[in-house]
Each structure stands twice: as structure tokens, then as C-alpha cells.
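So the protein lines, in turn, are chains A and B. So the first sequence is numbered by this note's numbering: it starts at 3 and just counts up by one. So the second sequence is numbered by this note's numbering: it starts at 10 and just counts up by one.
To be clear, the hints were calculated from the coordinates, so they are not data collected in a lab. Accuracy of the hints is not assured; some may be wrong.
Below, in silico cross-link-like pairs of lysine-lysine (BS3-like), each with a Cα-Cα straight-line distance of 25 Å or less [claimed, not checked]: (1) B/Lys103 - A/Lys68; (2) B/Lys111 - A/Lys68; (3) A/Lys45 - B/Lys50; (4) B/Lys12 - B/Lys43; (5) B/Lys107 - A/Lys68; (6) B/Lys111 - B/Lys68; (7) B/Lys74 - A/Lys46; (8) A/Lys45 - A/Lys25; (9) A/Lys46 - B/Lys43; (10) A/Lys46 - B/Lys103; (11) B/Lys94 - A/Lys49; (12) B/Lys11 - B/Lys100; (13) B/Lys100 - A/Lys81; (14) A/Lys54 - B/Lys59; (15) B/Lys68 - A/Lys45; (16) B/Lys107 - B/Lys59; (17) A/Lys46 - A/Lys81; (18) B/Lys74 - A/Lys45; (19) A/Lys49 - B/Lys136; (20) B/Lys12 - B/Lys42; (21) A/Lys45 - B/Lys59; (22) B/Lys111 - B/Lys136; (23) A/Lys81 - B/Lys107; (24) A/Lys46 - B/Lys50; (25) B/Lys136 - A/Lys81; (26) B/Lys100 - A/Lys46; (27) A/Lys81 - B/Lys111; (28) A/Lys68 - B/Lys59; (29) A/Lys49 - B/Lys68; (30) B/Lys94 - B/Lys50; (31) B/Lys136 - A/Lys45; (32) A/Lys49 - B/Lys74; (33) B/Lys12 - B/Lys59; (34) A/Lys68 - B/Lys136; (35) B/Lys100 - B/Lys111; (36) A/Lys81 - B/Lys59; (37) A/Lys81 - B/Lys68; (38) B/Lys43 - A/Lys25.
It should be emphasised that the depicted structure is a prediction, and the values quoted were computed from it without experimental measurement.
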Amino acid sequence: MKTKKTSKVAFRIKKEIPENIRKLVLERIRIVSDDLMISVGSKKCTKEEIMKSVERGDEIGRQVVKAQMDYLRAMASGKLYQNEKKLLNYSS
Amino acid sequence: MKKSFLITRPNYDPLTNCLFYWCNFVIEEADRKKFKIVDLKSRKSNRKEKYFLLLSRSKSTQPLKDRVAELFIAPSNLVVISLIKGNTTGKSYKRSQKSVQKKLMFLLTSEASQEQRDVAPFLLANKNNQILLGDQEARI
Numbered sequence: 003m004k005t006k007k008t009s010k011v012a013f014r015i016k017k018e019i020p021e022n023i024r025k026l027v028l029e030r031i032r033i034v035s036d037d038l039m040i041s042v043g044s045k046k047c048t049k050e051e052i053m054k055s056v057e058r059g060d061e062i063g064r065q066v067v068k069a070q071m072d073y074l075r076a077m078a079s080g081k082l083y084q085n086e087k088k089l090l091n092y093s094s
Numbered sequence: 010m011k012k013s014f015l016i017t018r019p020n021y022d023p024l025t026n027c028l029f030y031w032c033n034f035v036i037e038e039a040d041r042k043k044f045k046i047v048d049l050k051s052r053k054s055n056r057k058e059k060y061f062l063l064l065s066r067s068k069s070t071q072p073l074k075d076r077v078a079e080l081f082i083a084p085s086n087l088v089v090i091s092l093i094k095g096n097t098t099g100k101s102y103k104r105s106q107k108s109v110q111k112k113l114m115f116l117l118t119s120e121a122s123q124e125q126r127d128v129a130p131f132l133l134a135n136k137n138n139q140i141l142l143g144d145q146e147a148r149i
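In isolation and in its complexed conformation, chain B is listed as follows (with noise of 0.2 Å):
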């Protein structure tokens, strides 16, 4: 029997648009893993957790270019991009949490941005508030 996969993507206003592209490199991976993936679109999802998201304005109309939405979106996806391939949740996790360290210490060299740079105290926040709870050994 195939497995489901299902993600909710609102694309409502700019920072909405900005996930909602930036989940197909999700979807792309659960497709590849043939995955039966149902894909509600445009559908507001009830999101109440604390995270910070930062973005560019001057890329809302090329969203997948946007190198400061990459710097949160990118650990972000790799978490369930990683869950796909089969890994456990506590490598997925540990995966997602050297993927914004990696990023944080690009964030303090001379190739970073100013902008990008500005980003990084929200980039840490959202590496410490990141959790895992439950078995860590689980899998898809």
C-alpha cells in the first residue's frame, strides 16, 4: 500500500507564497519516494507556533531566489525532506540543527550579506526553540 503524504500550503499573501514555492523541493523528494501526496492548496492552515521568518520583499515575485527565506525555509524543509528518505526523527532532527549551524556560521564570515546578517539572531532563536518529542528512533 502506498504511503500518504499530506501538506497543507496556503499562498495568500507574500509570506505565504514564499513557503508555498519553496515546498515543492518537499513534495519533488516525496514524489521521488512515490509517495501518494495530497496537496492542499491554498487551504489557511492554523499555524499558532513561535517562529521567526524572515524574507525579502524585493524577491516576494521570485520567492526561490530569496537568500534570506533560505537561510529558515532550507532547515526547515530538510527536517521532513530527510523523514522521507527513511531517516529516524532524531536523525532528521540532528541533521536540520547542523544544517542553521552551518548556516549561522556562514552568517558571521565577509560572503554573508548585510541583510543576511541582520537575520542571524532569528536564525538562532529558531534553532533553540526547535524540539523533538517523542521516540527518536521513529520512522516513516
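So here's chain A without its partners, still in its complex pose (with noise of 0.2 Å):
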């Protein structure tokens, strides 16, 4: 049976980016343009900060590598294409 400690500290782990994601998001801010401006929630970021946020892996970095992870498995299982085959069907 698990006690309370040890459940604390599996939450813990489960909330931890696994390092080949971290890398792999970090690559992918680092070469957005320096021209954008990010605001997640109320909150405004440069894009050093969101990378900073990444390594970290505080909520904003956190909601940031789903939002790449999300849209890279939707690519990647063609999830994308099917949203627009569905959405082209609903007749307005």
C-alpha cells in the first residue's frame, strides 16, 4: 500500500519533463523568431523566458512542451488531417 510520502513524491516525478522532450522542445523554441511575443494566460514571456520556463519545467514550461508535444503527435499520426476531414463535414 502506498503511504502519502511516497504518492507526494511519485506526482513529483510524473510532473517531470522527461530529458529527451525538454531537449527536443528547447530546440524547437530556440529557433522560433525573436520577433514574437508569447503571453500564456496572463502571463508575458519572452522567448528566453519560455525556454527558461522549459528547463525549469514550472507550469508555463510545462504547458508549453504539451502544446509542441500535442502538435507533433498530431502530425505525426495524421490526427491534423482528420480535425479538418471532420470539421469540413459539419454543416454550418
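These two chains come separately, so use the hints to put the complex back together.
The following block contains the structure:
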């Protein structure tokens, strides 16, 4: 049976960003245009601040990682194009 | 009795400045439909939701010419404009989703600028996070 303490540790580990994914996302953010200004919720960030968040694995960093990985998975699985077909079938 | 339309549009930094000007399209539509408009200009809002918004710094003095911001704001404005036009919440939501999907497809083409292509993951995240709660047949 899990104790309260081990559950907390497990939760923290689960929330950490795996190193290979962190590196991939950092490289993807690094090549983003310097002209872009990014807002997540009500927090405004520069590209460098977003990269620091990803490195730290804080809340904003995790959201950026999720956005990037969801996009790559949608591209690889073809889901992005399936959405297109589904929405085109919607009669307005 | 005239229907009222309350809008809060802060304007205190480049990001809110951009939103401030893009809101004009919504206000114009509400005006055309004879809504009584209460425009709380320059008041700070308590926006808490996690929504990505990306802008071009180089267009901060001409927000309506910002082709990156347009990708994010136009589908968002579309929900409100569609509701003002009398459509149901369900239809307005689907229209907005369809608009984002069209923009995502555009971003996969060579017609999109590199800067526009960079923001595709964030646009998809917003699309996935946009949800409709409650009655899908409700209308103003």
C-alpha cells in the first residue's frame, strides 16, 4: 500500500519533463523568431523566458511542452488532417 | 428593450493594446445589431485561463496588421460575433473550431511565413483547450 509520502514523490516525478522531450522542445523554441512575443494566460514572456521555464519544468514550461508535443503527435498520427475532414463535414 | 453588450478591454501593454484594437470588430458587429454597448476601456481584467497568444513585436504599433496575432484573435472574436448575429452557442463554437482548423491547414502550406508556422503548436493547443459548457442551443 502506498503511503502519503510515496504518493507525493510519485506525483512529483510524473510532473517532471523527460530529458529527451525537454531537449526537443528547447530546440524547437530556440528556432522560433525573436520577433514573437508570447503570452500564456495573463503572463507575458520572451522566447528566452519560455526556454527557462521549460528548463525549470515550471507550470508555463509544462504547458509549452504539452503544446509542442501534442502538435508533433497530431502531425505524426495524421490527427491534424482528420480534424480537417471532420470539420469540413460540419454543415454550417 | 435594447440588449446590452458589456466589454472589458484593457490597454496597458503591447499585448492588451493588440487585443484592444482587435475587439473593435466585435463592437462594430454589436453596434450593427443595435446592442447597447458598455465599453470598459482601459480597465484591467482578471483573465485567469491558460490561453496562448503570440504577437509580432515589429507590428506593435500597427496591431491590426499583425498576421501572427490574427491567427489567434480572429477565431476567438468569431465566437462573440457569431453569438451577436443570433447563432446558438453550439454553432458559434463549431464555427470558431473550424476557423482555427483552416488556419492550421494554412500554416502547413508554403504560403505561410516562417513566423506564422512557428506558432502552429500554440494555436492547436488553444483549439484543444476551447470547450463549450452548458446548453448548446442557447442564444442571445
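Evaluated hints:
no. : hint                : result
1   : B/Lys103 - A/Lys68  : 24 Å, holds
2   : B/Lys111 - A/Lys68  : 22 Å, holds
3   : A/Lys45 - B/Lys50   : 20 Å, holds
4   : B/Lys12 - B/Lys43   : 8 Å, holds
5   : B/Lys107 - A/Lys68  : 22 Å, holds
6   : B/Lys111 - B/Lys68  : 23 Å, holds
7   : B/Lys74 - A/Lys46   : 21 Å, holds
8   : A/Lys45 - A/Lys25   : 23 Å, holds
9   : A/Lys46 - B/Lys43   : 36 Å, violated
10  : A/Lys46 - B/Lys103  : 29 Å, violated
11  : B/Lys94 - A/Lys49   : 38 Å, violated
12  : B/Lys11 - B/Lys100  : 24 Å, holds
13  : B/Lys100 - A/Lys81  : 22 Å, holds
14  : A/Lys54 - B/Lys59   : 18 Å, holds
15  : B/Lys68 - A/Lys45   : 20 Å, holds
16  : B/Lys107 - B/Lys59  : 21 Å, holds
17  : A/Lys46 - A/Lys81   : 30 Å, violated
18  : B/Lys74 - A/Lys45   : 23 Å, holds
19  : A/Lys49 - B/Lys136  : 22 Å, holds
20  : B/Lys12 - B/Lys42   : 9 Å, holds
21  : A/Lys45 - B/Lys59   : 9 Å, holds
22  : B/Lys111 - B/Lys136 : 11 Å, holds
23  : A/Lys81 - B/Lys107  : 15 Å, holds
24  : A/Lys46 - B/Lys50   : 20 Å, holds
25  : B/Lys136 - A/Lys81  : 13 Å, holds
26  : B/Lys100 - A/Lys46  : 32 Å, violated
27  : A/Lys81 - B/Lys111  : 14 Å, holds
28  : A/Lys68 - B/Lys59   : 12 Å, holds
29  : A/Lys49 - B/Lys68   : 17 Å, holds
30  : B/Lys94 - B/Lys50   : 23 Å, holds
31  : B/Lys136 - A/Lys45  : 19 Å, holds
32  : A/Lys49 - B/Lys74   : 22 Å, holds
33  : B/Lys12 - B/Lys59   : 30 Å, violated
34  : A/Lys68 - B/Lys136  : 13 Å, holds
35  : B/Lys100 - B/Lys111 : 16 Å, holds
36  : A/Lys81 - B/Lys59   : 23 Å, holds
37  : A/Lys81 - B/Lys68   : 33 Å, violated
38  : B/Lys43 - A/Lys25   : 53 Å, violated
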